[in-house]
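The whole structure should be built from the sequences, with the hints applied where relevant.
Residue numbers (this note's numbering), protein chains in the order written: chain A, 123 to 251; chain B, 27 to 418.
These aren't lab readings, by the way, just hints derived from the structure by calculation.
Idealized CB from N, CA, C, for every residue including glycine.
There's no promise every hint is true.
Pairwise CB distance ranges (calculated) [claimed, not checked]:
(1) Q94(B) / K238(A): 17 to 25 angstroms
(2) G89(B) / D214(A): 36 to 44 angstroms
(3) G89(B) / V168(A): 36 to 44 angstroms
(4) G147(A) / Q165(B): 27 to 35 angstroms
(5) G237(A) / H137(B): 42 to 50 angstroms
(6) K238(A) / D76(B): 48 to 56 angstroms
(7) N344(B) / R154(A): 38 to 46 angstroms
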Amino acid sequence: MISPRYHREIPQRYRLEAGKCKQCGNISFPPRLVCPKCKSKSFETVQLGREGKILTFTIIRVGPDKFSKETPYVVAIIELNDGVRLTAQVSDCDVDKVAIGDKVKLVFRKIQDEGKSGLHCYGYKAVLT
Amino acid sequence: MLNEMKSRFAGKDVAVIGVGMTKFGELWKKSLRDIFVEASLKAIENSGVDHIDSMYVGTMSGGLFVGQEHIGAVMADYLGVAPIPATRVESACASGGAAFRQAYFEVASGHSEIVLAGGVEKMTDGADVTEALAAAADQEYEVYNGITFPGLYAMIARAHMHQYKTTREQLAHVAVKNHKNGSMNPNAQFRSPVTLEQVMKATMVADPLRLLDCSPVSDGGAAVIVCSVDYAKKLKKPYVKVVASAQASDTIALHSRESLTALKCVSVAADKAYKQAGLKPSDINFAEVHDCFTIAEIVVTEDLGFFEKGLGGAAAENGSTAIGGKIPINTSGGLKSKGHPVGATGVAQIIELYEQLTGNSGERQVKNAKYGLAQNMGGSGASCIIHILEAV
Ligand SMILES: [Zn+2]
Chain A
123 MISPRYHREI PQRYRLEAGK CKQCGNISFP PRLVCPKCKS KSFETVQLGR
173 EGKILTFTII RVGPDKFSKE TPYVVAIIEL NDGVRLTAQV SDCDVDKVAI
223 GDKVKLVFRK IQDEGKSGLH CYGYKAVLT
Chain B
27 MLNEMKSRFA GKDVAVIGVG MTKFGELWKK SLRDIFVEAS LKAIENSGVD
77 HIDSMYVGTM SGGLFVGQEH IGAVMADYLG VAPIPATRVE SACASGGAAF
127 RQAYFEVASG HSEIVLAGGV EKMTDGADVT EALAAAADQE YEVYNGITFP
177 GLYAMIARAH MHQYKTTREQ LAHVAVKNHK NGSMNPNAQF RSPVTLEQVM
227 KATMVADPLR LLDCSPVSDG GAAVIVCSVD YAKKLKKPYV KVVASAQASD
277 TIALHSRESL TALKCVSVAA DKAYKQAGLK PSDINFAEVH DCFTIAEIVV
327 TEDLGFFEKG LGGAAAENGS TAIGGKIPIN TSGGLKSKGH PVGATGVAQI
377 IELYEQLTGN SGERQVKNAK YGLAQNMGGS GASCIIHILE AV
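This is the structure we're talking about:
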């Protein structure tokens, strides 16, 4: 069983589907109903590329209860090659070796367990390339 | 510009005539409603009014912290002022500033004569505080991926250090100064000074931010009484005048911002506030700013126009922001040392302005202060509320 809330976000979390404005070309991730740049309401669905670089990051040493068993872990703001920015964990790395400007690739990973039933929830994490 | 604004804003001149707050800290014996009522009774008594016409209550998350919503009604009931209108106002950590702004509008519009603006939060009753606070960020695209509030500000800090060569020591200087100020504030949660070394060696929370870079988890309440300047004159009590009230918003997710080292909601709201008051940043004598984390004070003092972009860290280090410096920042101790019961914070900032501008700040008094500015911020900078108060 998948919760409706989780199910709605699957196109973004699994496939990186974004909304490209038909008027100005700005890409919104996640998709929006109104383009923040030109206010157009007309979009086409595009799939983001998975490669990008780290703009800034932190190492979470004290996490919320849900992630407390995973500390320390790196969370970064990543700019993908098509200009879209997002927040993701940087996985499979020595947390003390990550740096601004590092090249990364988004991969499919389990992110967390939802609610009391503990549903596995998936999405994207970054790995250094 | 002043005349242009005045002609567009035809409301009444607004005053603050009384203030009251609880001590901030871990108030084990007091409930959410007890805390609010205590602060409100003090404000009402301090102002000398015999009634209030309506009230606003700033609270970030009664629901997540103690399971209580419908806060306006709860507080009017327990303050014993029902059936007056009572509304809860929420803008995350800027809820208190937003409540004060609603009271300002209600008085300026002439709709009510006397309005109470309060704020309250009860954070130590056992909720997962990290998770509750994270509700002010983008749940689906930031929090889902494991970010925390210290983590968001840590990412701002790292970007600022990278771009402007802000140092780890400069961040620590903010904490040292604010703890020193808080040590002189009887209502502060932490009344003990800290050393640079203590801050630099504190437990790491989210690199590069350590425990002493973070505002604490607090319970507390604050309330002020707002009325027209005309009414305040009749009461023959000390009052201060509200000369600007401004607000701005930005993207909910930090990653969507144009800049990771500037807070646009702050600069936009500040521009509006300075225009409304007919003032420049250099006219402001002191300010209470939203130092939820040390880096926030550095970025905010730049974006308010007090320091050139990139020099906020140096300003903290060279004493420009200390009492007696070029522009004292967070004379109350700020969120860092006074405490940060989220919804109460914006109102407590107004209280510090009132006390400074009426000459009641004791050891931490700023000499000859005419204009004080309060900057209250929601989330990682998705909302900002600024007020400027003038001594009369
Ligand atoms: Zn567009």
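**Prompt:** For which of the previously enumerated hints does the structure constitute a violation, in increasing order of number?
**Reply:** none
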